[in-house]
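S.K.: Protein chains in written order, with our numbering: chain A, 653 to 942; chain B, 653 to 942; chain C, 32 to 291; chain D, 32 to 291.
Honestly, the hints are just simulated from the structure, not real lab data. The beta-carbon is built from N, C-alpha and C at its ideal position, and this holds for glycine as well. Hints should not be assumed to be uniformly reliable.
As the list claims (entries may be wrong) - Subject to a maximum C-alpha distance of 27 Å in a straight line, what follows is the list of computed DSSO-like cross-link-like pairs (lysine-lysine):
hint	chain 1	residue 1	chain 2	residue 2
1	C	189	B	796
2	B	725	B	902
3	A	725	D	156
Claimed, not checked - Distance windows between CB atoms, simulated:
hint	chain 1	residue 1	chain 2	residue 2	range
4	D	41	B	793	53 to 63 Å
5	C	76	B	663	51 to 61 Å
6	B	793	C	208	13 to 23 Å
7	A	919	D	108	38 to 48 Å
8	B	793	C	202	26 to 36 Å
9	B	791	C	184	19 to 29 Å
10	D	229	B	663	37 to 47 Å
11	B	909	C	76	36 to 46 Å
Claimed, not checked - Under 7 Å between C-beta atoms, here's a sample of chain B residues computed to sit facing chain D:
hint	residue
12	773
13	774
14	845
15	869
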Amino acid sequence: MYDVKLASILTLGEAIQEFVHDGATMALEGFTHLIPSAAGHEIIRQGRRNLTIIRMTPDLIYDQLIGAGCVSKLIFSWGGNPGVGSLHRLRDAVENDWPRPLELEENAHAGMAAAYAAGASNLPFGILRGYLGSDLPKYNQRIKFIECPFTGERLAAVPAIRPDVTIIHAQKADRKGNVLIWGVVGVQKEAVLAAQRSIVTVEEIVDKLDSPPNAVVLPSWVVSAVCEVKGGAFPSYAQGYYARNNAFYKSWDAISRERESFQAWIERYILGTKDFSEFRQSVGGAAANA
Amino acid sequence: MYDVKLASILTLGEAIQEFVHDGATMALEGFTHLIPSAAGHEIIRQGRRNLTIIRMTPDLIYDQLIGAGCVSKLIFSWGGNPGVGSLHRLRDAVENDWPRPLELEENAHAGMAAAYAAGASNLPFGILRGYLGSDLPKYNQRIKFIECPFTGERLAAVPAIRPDVTIIHAQKADRKGNVLIWGVVGVQKEAVLAAQRSIVTVEEIVDKLDSPPNAVVLPSWVVSAVCEVKGGAFPSYAQGYYARNNAFYKSWDAISRERESFQAWIERYILGTKDFSEFRQSVGGAAANA
Amino acid sequence: MPDQNGYSADEMMTIAAARKLRNGAVCFVGIGLPSAAANVARLTHAPDVVLIYESGPIATKPSVLPLSIGDGELSETAETVVSIPEMFSYWLQGGRIDVGFLGAAQIDRFANINTTVIGNYRKPKTRLPGAGGAPEIAASSKEVLITLRHNKRAFVQKLDFVTSGGYFNGGNSRELMGLPGRGPTAVITDLGILTPDIQTKELTLTSLHPGVSIQQVIEATGWPLRIAPDVGTTPPPSETELQVLRDLNARTARAHAGQA
Amino acid sequence: MPDQNGYSADEMMTIAAARKLRNGAVCFVGIGLPSAAANVARLTHAPDVVLIYESGPIATKPSVLPLSIGDGELSETAETVVSIPEMFSYWLQGGRIDVGFLGAAQIDRFANINTTVIGNYRKPKTRLPGAGGAPEIAASSKEVLITLRHNKRAFVQKLDFVTSGGYFNGGNSRELMGLPGRGPTAVITDLGILTPDIQTKELTLTSLHPGVSIQQVIEATGWPLRIAPDVGTTPPPSETELQVLRDLNARTARAHAGQA
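With these hints in hand, go ahead and build the complete structure from the sequences.
M.R.: Encoded structure:
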């Protein structure tokens, strides 16, 4: 009745092929740290369409997915190029429907965190003291308010997030597919546990995790696939492996500002490369050092 | 307007004197690991009365508090001598009102965990898929059921636990009063954050915590007092310091079975000693090794 | 103590319970008999079983049986240790558990269990430890295994208190109450194995341990026990199974002698 | 760029904002201007201030300013790093934050702020990053400090979108809505400092930075600005404050040059 349901060790191409389908609801989580950039690129390369993408802090990789036409809906709570400015592809989609209309489901961080935690907990909703006096509930009908059955207080209620597939990047996995994350761990554990399927790209696969006590470990049996992708969070960082490439974040502003320069970049660096390793070589020194 | 609100470094006697008052609602948490035994003894020594004591897993130290007449109400979800059997003083209070009647507010672990988490989160209640078909809600009117505003599902709702004071034992603190815990960390963080005041007894106070990434740390400014009490979890254990004294747990069965032997033990080892260090000497080798 | 078979009834019970736990299952382990059975499974046919204890250890591989649910041995040999709120919300309620492995003080014909009180709740004859994690383990695990010793004090016509739900009044009453998991799939005792009838969900004797008679089981059960038409015989413990269990118990006894 | 005073308006703003953060306060820090001010405070008069960023670091002591809210520098120098759900539930909502330190794209006379959209939400002129943690930082922190540059695009008669609540319509409207914290206590700009009137809660100019005229501030404000009868002058940056800020900015610029 039960098989040993360990994660499959796959190439990233295989994992995206198997677990990310057109029309899927998908979370690529990462809170400025450990952003699954390689996975985002591979989704563009494989030409997925009509995705609903979820993330608290959509940044460059979501800008790329949106600009490349993969996305029909974005569920989020803060969308920007951190420390730099706007996401021009996100703005162009919202403001001008280019390359296609983008539906927004907008939240605040506290609400999304509660919704992910509810998903991981197999609860249909989460509660928070949130959205008090904010206009957000006027535009997001999925934010409701309930009364505490004990005190009568009014609290916000948000429906659980349950993605079809969650993808995260982590520092390492062992050969069985157990995953270890440290540093800014964001909402990654919740995003994986809330999802039907999950892919974890890692900096390296090692014989033994050597995790400290009470570490953030995702056991192999809650992960569908583990893919070794060295530098796979570039231009984000992987604590203990490489630093954030702030220069690339800044350069993205110019690349993404115009449709033409964006499309040329996607053609050249994503569609024109066969995988993340080739991308890193083609994009040059910055990525190569990751 | 703000002072630097660091924890005070006090003796345990001083901390109990200052923060535990007659009639208080108090949680001494610890899930078989790091049980704040020294603090429990000191409360008996100082003769507190009419306490409402909260704990998921009341064991020897709550048996002692109950038998010593300190307690009027117990809020709990599993009460026993782990691996040994009953808590005879708890049973005698429930079955025979000795030494005084004991009101029970009984829960399941999942409900108490949700209630502590709600307390730590400053929410008036927590929700869970819990108590389905159990008789517990018939006897605990504070367990209610609510409907999910999105799916209509029926879920249990439990009121937040907000103790007047929480006491825990931890491995170490630094000189500012920042506390580090590892191993079985139970519900201790939540119990401290849910409380108005908190006391943490520690194995040692060190210059530097040297905590691993993402460790369970309670910052000094959420703790009222830190007290160095070497071996303070005896007969429970402190991972990295000493093992569980299973022999003492077994011997408690005989000590506590009869009122007379229990009272003699309390007189001799608790009321007859001035502090935990003297208790450890008087109770002999087992405690001395802790 | 081994009897004339060369093994004791308790040993047969633990080994029969261990066999029910398949390799690769994620098992939420109760302390006591379930913990012994789960670890025997791990040390014999199910090396990849994932053992989780409610105190927080995930994928623990203790070399001795824990006396308490949160022994240091459990956390030291685990892949990680999570907090209690996380254990109950993300792991148990989250639907990550294949098998909940429980003991009980009392059980009824529909595998509902009582670990709370004997007699009246307000004026009990015996106050038991209480629910602990059991109600939600019984509700949320994909299936439940129960192991306890077989006698009329334990196998009762009517529970004094329903701590944790099995099949309630039988039939589809569990589904109607909305419990996520499918419920108990076997009750393993020192006399035999009971499994729920596929329709009525009433516990039915389906296997007798070697040397035990149907009459013995009927007499140890507080309700008119249903017997399967094709009741089988539990294979006796293998030499390996016995050896593993006895070694485990011997290591455990040495470790728990304590420091007195 | 330093002007004729020997310091720039932005430097004055950051230092004036830093001074509002008292030693020992637990501060939930927004990225950008608030982060600069909070770290200047920590490096000058408030060595025991506890800085928390929404990405998880608690009691972080970065040697350079983070470019993103979750830079490695923040987690490496923190006492611990918690998950996002824990940060928002146990720490912010839990009532552990003394001061929420926020920036804004737009602000109104009652210190409500907009970081969501300029123009119509459905068909925006400018789509801004959105709420992030701000609505609950503004609601749950015991008090809120806001810092932003002073001009008519930012200081508007009516917000296009209320992302995070200040005093709503003034008076006791914040209390009536049940927000736990007391709300914004100061708005620090590059021209001066505004504080809410004790009764009406309307922002009132209470301090002018050196060399700035009341008229300048009025002209940079999109509503008829109230001026305190006893409007003061902000003490200019001390040599130490300027040195600390400039060193911090220089270290930051070097660190963020990146690896291109």
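S.K.: Does each hint hold? Answer for all of them.
M.R.: For each hint, the structure was consulted:
A C-alpha spacing of about 26 Å is found between residue 189 (chain C) and residue 796 (chain B), which places the hinted pair at or below 27 Å, so the restraint holds. In summary, the hint linking residue 725 (chain B) to residue 902 (chain B) is supported, as the alpha carbons are separated by about 26 Å, within the 27 Å threshold. Between residue 725 (chain A) and residue 156 (chain D), the direct Cα distance comes to roughly 20 Å. Compliance with the 27 Å bound is thereby established for this hinted pair. In this structure the supplied range 53 to 63 Å holds for residue 41 (chain D) paired with residue 793 (chain B), their Cβ-Cβ distance being about 59 Å.
One distance hint, 51 to 61 Å for the beta-carbon pair residue 76 (chain C) and residue 663 (chain B), holds here, with the actual separation near 55 Å. Take residue 793 (chain B) and residue 208 (chain C): their Cβ atoms lie about 20 Å apart, and the range 13 to 23 Å holds. Restraint check, residue 919 (chain A) to residue 108 (chain D): a C-beta distance of roughly 41 Å satisfies the suggested window 38 to 48 Å. Take residue 793 (chain B) and residue 202 (chain C): their Cβ atoms lie about 30 Å apart, and the range 26 to 36 Å holds.
Separated by about 22 Å at the C-beta atoms, residue 791 (chain B) and residue 184 (chain C) satisfy the suggested range of 19 to 29 Å. As the Cβ distance of residue 229 (chain D) to residue 663 (chain B) is approximately 44 Å, the hint placing it in 37 to 47 Å holds. A hinted range of 36 to 46 Å holds for the C-beta pair residue 909 (chain B) and residue 76 (chain C), which are about 41 Å apart. A cut of 7 Å between beta carbons decides the hint on residue 773 (chain B): the least distance to chain D is about 4 Å, and the hint holds.
For the restraint placing residue 774 (chain B) at the interface with chain D, the shortest Cβ-Cβ distance is roughly 5 Å, inside the 7 Å limit, so the hint holds. Satisfaction of the interface hint for residue 845 (chain B) is found here, the shortest Cβ-Cβ separation to chain D being roughly 5 Å, below the 7 Å cut-off. At a threshold of 7 Å, the smallest CB-CB gap from residue 869 (chain B) to chain D is about 4 Å, leaving the interface hint in force.
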